[in-house]
Amino acid sequence: MDILPALKTGKLIVVYAPDAARTESMTLIAELGLRGAVTILDGGNQYRPYQVATFLRRKTVDISTAANRLFSRRAFTCYEMNTLLCSTPYHSQPYVVLDLLNTFYDDHVSIHEADRLLKSCLGQIQRLVLSGPVVLTLAPPLAEERGFLLEQVCRQADEVMIKEVPVCHPTQPSLF
Amino acid sequence: MNESTGWLLDIYAEEDGATLWLLTDGDQRLRLRMDFDITFYAAGDFPLLRQAWKYLRGKNVRLERTVRRDLFLGERDVMAVTTPDPANIQKLFGDLQRQFPALDYYDADIPITLRFIAQTDMHLLGRCRVHLGDERVQFIEPLSAPWEIDPSPIPLRILTLAPDCNPAVRNPQKLLVKYNQREYSLSLESPRSFLISLKADLQRIDPDLILTDYGDTWLFPQLSTWSKETGIEFRPNREEGRQVMMRKADSYFAYGQVTYRGAQAHLFGRWHIDRKNAMSFGEYGLEGAMEQARVTGIGVQEMARKSPGAGITAMQMLTALRNNIMVPVQKQQVEGTKTLSELIRADHGGLIYQPLIGLHGNVAQIDFSSMYPAIMVKHNISPETVGVEDASEGLIPKTLRPLLEKRLRLKNILIDLDPRDCRVEILKARASALKWLLVVCFGYLGYKNARFGKIESHEAVTAMSRELMLQAKEVAEDMGFTVLHMYVDCLFVQQDGFHKSSDFTPLINAIEEKTGIPIALEGVFKWVAFLASKRDARVPVPNQYFGAFQDGSLKYRGIELRRRDTTLWVRKTQLKALEILAHANSPREFAGRVPDVMRLVEGAKRDLRIGRVPLGELLIRQRLSRTLEAYKTPSPAARAARQLQVHGRQFAPGQSLEFLFAHNESGVHAWELEEALDSRKLDTKRYYRLLDRAIQTIVDPVRSHMFSERLF
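So the protein sequences, as listed, match chains A and B. Reminder that position 66 of the first sequence reads as 66 in the working numbering, one-by-one numbering, no gaps. Reminder that position 604 of the second sequence reads as 604 in the working numbering, one-by-one numbering, no gaps.
It is possible that part of the hints are untrue.
Claimed, not checked - Simulated DEER-style distance windows between Cβ atoms:
(1) R606(B) x E164(A): 53 to 63 Å
(2) D421(B) x P18(A): 56 to 66 Å
(3) E474(B) x Q152(A): 52 to 62 Å
(4) K119(A) x R129(B): 47 to 57 Å
(5) Q126(A) x N324(B): 36 to 46 Å
(6) K632(B) x K119(A): 31 to 41 Å
(7) L356(B) x K163(A): 44 to 54 Å
(8) D536(B) x E164(A): 27 to 37 Å
Stated by the list, open to error - Here are some, though not all, of the chain A residues that point toward chain B, as calculated from beta-carbon distances under 10 Å:
(9) G33
(10) A53
(11) A66
(12) S72
(13) A75
(14) T77
(15) T83
(16) S87
(17) D106
Bear in mind the hints are in silico, worked out from the structure with no lab data behind them. On a predicted model such as this, the values are computed, not experimentally measured, just so you know. Ideal placement from N, C-alpha and C gives every residue a C-beta, glycine not left out.
The shape of chain A in the complex, shown without the other chains (with noise of 0.2 Å):
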C-alpha cells in the first residue's frame, strides 16, 4: 500500500485496516519526516516511535533532523481527541491522524455523544485539509452498532484505501 503518492494540500486520504495500518502508517510518518515536518495526532496509541526511528535509520545518517520534524501529540478519549484537533495550529504540512475511531468506539461514550463529537472533529479535519494532507487511520468498530461512525469518516474522504487481509492458504510443513 503506498500512501505517499496520493497525498497532495486538499485532499483527505482515509486509510482503512484492521490494525488500523500500522506498519504502513509508521513507514509514511518516516517518509514524511525525511521530507518535511509532519503534525501525528494519535488516537488510538498506535505510534511506535522506535519503529519509526528505525526506519529513518535505513534512510538517513541524520536522523535527529528528521526525528525532530515530528511532532506527535496523543489523545486517549474522545473528548481528548476533539481538544486535539481544535487546538491543532494550522500548518502547510501534511497531518497523520492514527486510528481516528479508537476512543469513539468506547462502550463508556454513549453513540450520541460520540456521533456528535466525531462531527465536531470532522469539521477540524476539513479545516486541516485546507493547509495540508490529512492522511486518517482507521480500524473497524468493536461493535456493529458503532459501524456508522466508521461510513460517516468514509463519506467524507476524497480517497478510501482498504489494505487487504492476506489469505493464508494451509501449505504443508517441509518434511526434510
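Start from chain A and add chain B according to the hints.
Quick look at chain B alone, frame taken from chain A:
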C-alpha cells in the same frame, strides 16, 4: 435543641436533602434528615449559556452567574445551578447535558458523601456531635479526623449469611447464619418459613452490616423472588420504604485484562458486603474497607466493591472541593506537542537493571517506601504543576501527603509491635488498604478517565524515579556493594562479609540522604535465586526470583506459586520444596537439598497416581477474555464454559471458572458440572508436566551453581 454523639455510618440523597445514619454512644441507630443543597456548574460560550439559563429558569433550581476555578484554565465565568433535591441531580444534569452537549460541566457527578464531607469537615465512620432542631440536623460538629492512627472502634453489629454451597454449582439447602459467637442454619426448603425466620432475625439483631457469601449474585435476588412468590414482604433495608438497590453485572477492561463484576445489592441505613463479589476484600477485609471509606469518603459497601482507583479519584475530588476547584465531568486536557526525540526520551517506565542470573548468598533487598507517591509529594508533581517553576503545592501532592504520612506511621507502628500483638492484624489490614490507594495513584496521573490526569505528570514521575534509582546505585557502588538487580523501586545488593541487617544500615542512610525518599531494608537473604528465561537460559527475567531470609522465611515473585491459575496441588508442592530449600544456609548448601526436593516430587506424583490428592486441589482457575462465540481456538476455560453452557449457564467476558484436565473429548471437565469426574479419567500426565515445570523453576538455578563448582 437535641444533641447526639456517635459515629457517622451512612449518607444518601433524598428529594428534600440528605439522610444520615448515626450510631450513637448509647447504641442507638438514628436516622437524621438534613437540608442539603447541591450546586453544579456549566461553562462555555455565553450565547449557549444564556440558552441553558432560559431552559433551566422554569425548573426548581437557583441560577447564578459566578466565577470559579478550573485547575488548568484558571478562573472561568460559569453558571451555577443549585438544587435542593439531591436525589434528582443526575436527571437534571442529564437533561441539561443532552440539550447543551457543547457546554463544559463541573461538579455534576460528585457523590453526595463527598459533598457532605467537604461541606461539614466530617468523615465517614468518624465521631461527630449532631445538633437537632425540628427533627432536622441544624449543625454537625466533627470530633475526629480521618488521619487519626487509632480511631475509636465502632461497635458494629455484624450478621453473616452464607449458603452451604456455591449457588452457581448446585442449589443450596441451607443458609448458615452467624451473629456474635452464635451460629445456626436456616433451611431453604420452604421459602415461606425461611423468609419469616430471616425477617425475624433481622428485626431482632438489627445488624449494621450484613456480610454475605453470594449475597449480590444469589441471596438478595433470590430473596426478592421468594418475597414476590410468597407474598411476604421482605425489606432488608433499615430505611423503611426503600427497596434494595440492585446494580447490573458488567465486564470492563482494566489493568490489561477483562474483569467481570457481578450484580450488586446495596442497602440503605445498613451495609451489605458480599465477600465473593468485593474486589479487594480478600486482601484487607472489613478493617481495610473501613479504612478506605474513612480516608476516601466513599461509603463502605461501595468501597468494598470498587477498585482503589475509585478511592483515589474520590480523594482528589475532595481536595478539589475543599480548595474551591471545580471537578470537570470530562477531562479535556491533552498532551503537549513532542518531537520524536522528545517522545523517545520521555515515554519510559520505571528503571529495570537486569538481574545476574543464578544463586547469590547474603543479599540485601532494599525498597523505597511508596516511591512514586513520595516522589509526587516531595517534588510537587501534579498535572497543573509540571513544567511550572516555583508552583504552589499541586492538587495531587495535597491529596497524597496525609495518606502517605499515615501509611508510613502505621508501618512504623507495625515494625515496633510484637507479631503476637492482637492489633497487628488490624493494623496490617489498614496499612494494606492505604498501600493500594497509593499504588494506583501514580497510574491515575496518566489514566484516560482520571479527572485530574495528564500524561506529562505521569512521565515526570517515572523520569524522577529512574534518576533516583541511578543515584541509589551509584551510592551503593561507591560503598563497595555489587548491585545484583534493580526493579522500579527496589535494589538487591551484596558485599563480601556483609550478612547482618545492621551491616546495611549505613548504605540505607546514605541512599536516603542522597535521594530524600524514605528507604527501608526488606531483609537479608541467606540465598536468593534470580531466574533465567525458560526460552533462553542466557536471558535474565526481571522480578522473577525466590529466596530465603535469614529467619528462614521465604520470598518469591513471578514463579508458579504466585500465579492464580496454578493448581493448589502444584502450589503446595512447590511451597514445600521451597521450605526444604530454605533450610540451606548458603548457595552451596542449596545444591545439597535438591535430592530431598526430588524425593518430595516423586511422593507428590505417587499420591496423584493412586488418587490420594483431592480433586479440589487439582482445579485450574482461568478467566474468559472474551465471549464464548468469539473464541476461534477455544482455551481450556472456554471449553469448560461450553460444557456448562449446554446446561444453561451464561458467561460474560472476565468471568472465571474452574476445571480439571481430563481424558475426554474436550480435554477438560468443568468443576461446576453436576456429574463429578471419574478420577480414572483425570489427565495425570498433564498435572505431572505442570508440577515438573514448577519444580524445574526452583531447581534450575542450582545447575549453573553446580556447573561452576565443577570447574575448580
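Task: Violated hints, by number in ascending order, as checked against the structure - done: Of the numbered hints given earlier, the structure breaks none, since each of them holds.
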